[in-house]
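Undergrad: Listed here are the chains, written in short residue letters.
Number of protein chains: 2
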Amino acid sequence: MSATTFPARTTTPEIELGTTLQPKFGSDGLIPCITQDVNTGQVLMFAFMNAESLAKTLSTKKATYWSRSRNKLWVKGEESGNVQVVKELFTDCDQDVLLIKVEQTGAANAACHNGYKSCFYRRLESLDDASFQLHYTAERLFDPAPVYKKK
Amino acid sequence: MSATTFPARTTTPEIELGTTLQPKFGSDGLIPCITQDVNTGQVLMFAFMNAESLAKTLSTKKATYWSRSRNKLWVKGEESGNVQVVKELFTDCDQDVLLIKVEQTGAANAACHNGYKSCFYRRLESLDDASFQLHYTAERLFDPAPVYKKK
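Line order of the protein sequences matches chains U and H. Residues 1 to 151 in the numbering used here are what the first sequence lists, from first letter to last. Residues 152 to 302 in the numbering used here are what the second sequence lists, from first letter to last.
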């Protein structure tokens, strides 16, 4: 797929209050994307998209990110089978963030490569706790070792 | 408040599966933060924190971000009154993103400077629509003009 262009950024009022999607890709070509479970509202993960991955997400309805660590397009679930079917896509006031609501599919129904439904599986135990201890709030749904091939 | 230090980043297993909060601040000193309504799960906004704003968030329980546009600490609601009381704080698998669950307070109960409850008040009308039209999904809760002082 060739690079895809989205409408150019215009004026602040049009960006913030208009009805044309004109996403801001940063100097690295990326826009942050929050991924939420469409049914429960649980935040599953946070990743980045570039124009190509956003276009592919829109055309395939499968959440497709840009992997900064692997420096390549990343169709979520292509290895693990935990594909995310995109049901809704929002942008924020200044159109520099995306929010997608997805149906998390796959045998394990897990978004996180560590085997959890959500990447946000640890909560700060006490906001007053100066030792900053994290507390697990979720059960592991699969053992990631056999699922992902060694890189 | 002086700069606050958080535990240094150690090993990948400890970062991903351990119980010590060791957030990754980027080369710009910032970590992304997703803010969710603790009662409804609605994603309200997305912003950044630096170490000082994270420490202040933890000590005051008021969501405190780093404003990149104003280049200063930003106690959410300090001008508008729409303070966010932090109830829970999560981090993701690789501890380079924060998720806070807040009680959105204030007369208008709105997180967005444009007068909406959430910054994500526009949804792509159809994922198939090549014209990328956005559709309003929320009502404006306040008129922002008189609330914010001119900068």
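In case anyone wonders, no lab produced these hints; they're calculated from the structure. Keep in mind that this is a model prediction, so the values were computed, not measured. Misleading hints may appear alongside valid ones.
As the list claims (entries may be wrong) - If you anchor each label on the Cβ, the simulated ranges turn out as follows:
(1) GLU165(H) / PRO13(U): 43 to 51 angstroms
(2) GLY232(H) / SER59(U): 37 to 45 angstroms
(3) GLY26(U) / ALA159(H): 25 to 33 angstroms
(4) ALA289(H) / TYR136(U): 19 to 27 angstroms
(5) SER178(H) / GLY41(U): 28 to 36 angstroms
(6) GLU203(H) / THR19(U): 35 to 43 angstroms
(7) THR5(U) / GLU290(H): 30 to 38 angstroms
(8) ALA258(H) / ARG70(U): 41 to 49 angstroms
(9) THR211(H) / GLU79(U): 40 to 48 angstroms
(10) ASP94(U) / GLY180(H): 40 to 48 angstroms
(11) LYS24(U) / GLY180(H): 17 to 25 angstroms
(12) GLU14(U) / GLU203(H): 16 to 24 angstroms
(13) LYS175(H) / GLY41(U): 19 to 27 angstroms
What the hints assert, rightly or not - Far from chain H by the CB rule (all over 12 angstroms, computed), these chain U residues:
(14) THR11
(15) GLY18
(16) GLY29
(17) MET45
(18) ALA47
(19) ASN50
(20) ASN71
(21) THR105
(22) ALA111
(23) TYR121
(24) PHE142
Ideal Cβ positions, reconstructed from N, Cα and C, are used throughout, including at glycine.
Undergrad: Now look at each hint and say whether the structure bears it out.
TA: For each hint, the structure was consulted:
1. GLU165(H) / PRO13(U): 43 to 51 angstroms: holds, 47 angstroms
2. GLY232(H) / SER59(U): 37 to 45 angstroms: Because 43 angstroms falls inside the window, the suggested range holds.
3. GLY26(U) / ALA159(H): 25 to 33 angstroms: Cβ of GLY26(U) to Cβ of ALA159(H): about 27 angstroms, so the range 25 to 33 angstroms holds.
4. ALA289(H) / TYR136(U): 19 to 27 angstroms: Distance hint for ALA289(H), TYR136(U) is violated at roughly 34 angstroms.
5. SER178(H) / GLY41(U): 28 to 36 angstroms: Holds, at about 32 angstroms.
6. GLU203(H) / THR19(U): 35 to 43 angstroms: Holds, since GLU203(H) and THR19(U) (Cβ atoms, about 38 angstroms apart) stay within the stated range.
7. THR5(U) / GLU290(H): 30 to 38 angstroms: holds, 33 angstroms
8. ALA258(H) / ARG70(U): 41 to 49 angstroms: Given about 47 angstroms between the Cβ atoms, the range holds.
9. THR211(H) / GLU79(U): 40 to 48 angstroms: Check passed, 42 angstroms falls within 40 to 48 angstroms.
10. ASP94(U) / GLY180(H): 40 to 48 angstroms: Violated, since ASP94(U) and GLY180(H) (Cβ atoms, about 21 angstroms apart) do not stay within the stated range.
11. LYS24(U) / GLY180(H): 17 to 25 angstroms: Check passed, 21 angstroms falls within 17 to 25 angstroms.
12. GLU14(U) / GLU203(H): 16 to 24 angstroms: Given a distance of about 34 angstroms, which is not inside 16 to 24 angstroms, the answer is violated.
13. LYS175(H) / GLY41(U): 19 to 27 angstroms: With Cβ atoms ~26 angstroms apart, the hint holds.
14. THR11: Consistent with the label, THR11(U) stays out of reach of chain H, its closest Cβ about 14 angstroms off (over 12 angstroms).
15. GLY18: Its Cβ does come within 12 angstroms of chain H, the nearest being 7 angstroms, so this is violated.
16. GLY29: holds, 16 angstroms
17. MET45: Check fails; 7 angstroms does not lie beyond 12 angstroms.
18. ALA47: violated, 9 angstroms
19. ASN50: With a cut-off of 12 angstroms, ASN50(U) remains clear of chain H, as the shortest Cβ separation is near 16 angstroms.
20. ASN71: About 17 angstroms separates ASN71(U) from the closest Cβ of chain H, which puts it past 12 angstroms; holds.
21. THR105: Holds: least Cβ distance 17 angstroms, greater than 12 angstroms.
22. ALA111: Check fails; 10 angstroms does not lie beyond 12 angstroms.
23. TYR121: violated, 7 angstroms
24. PHE142: Holds, because the least Cβ-Cβ distance between PHE142(U) and chain H comes to about 14 angstroms, which exceeds 12 angstroms.
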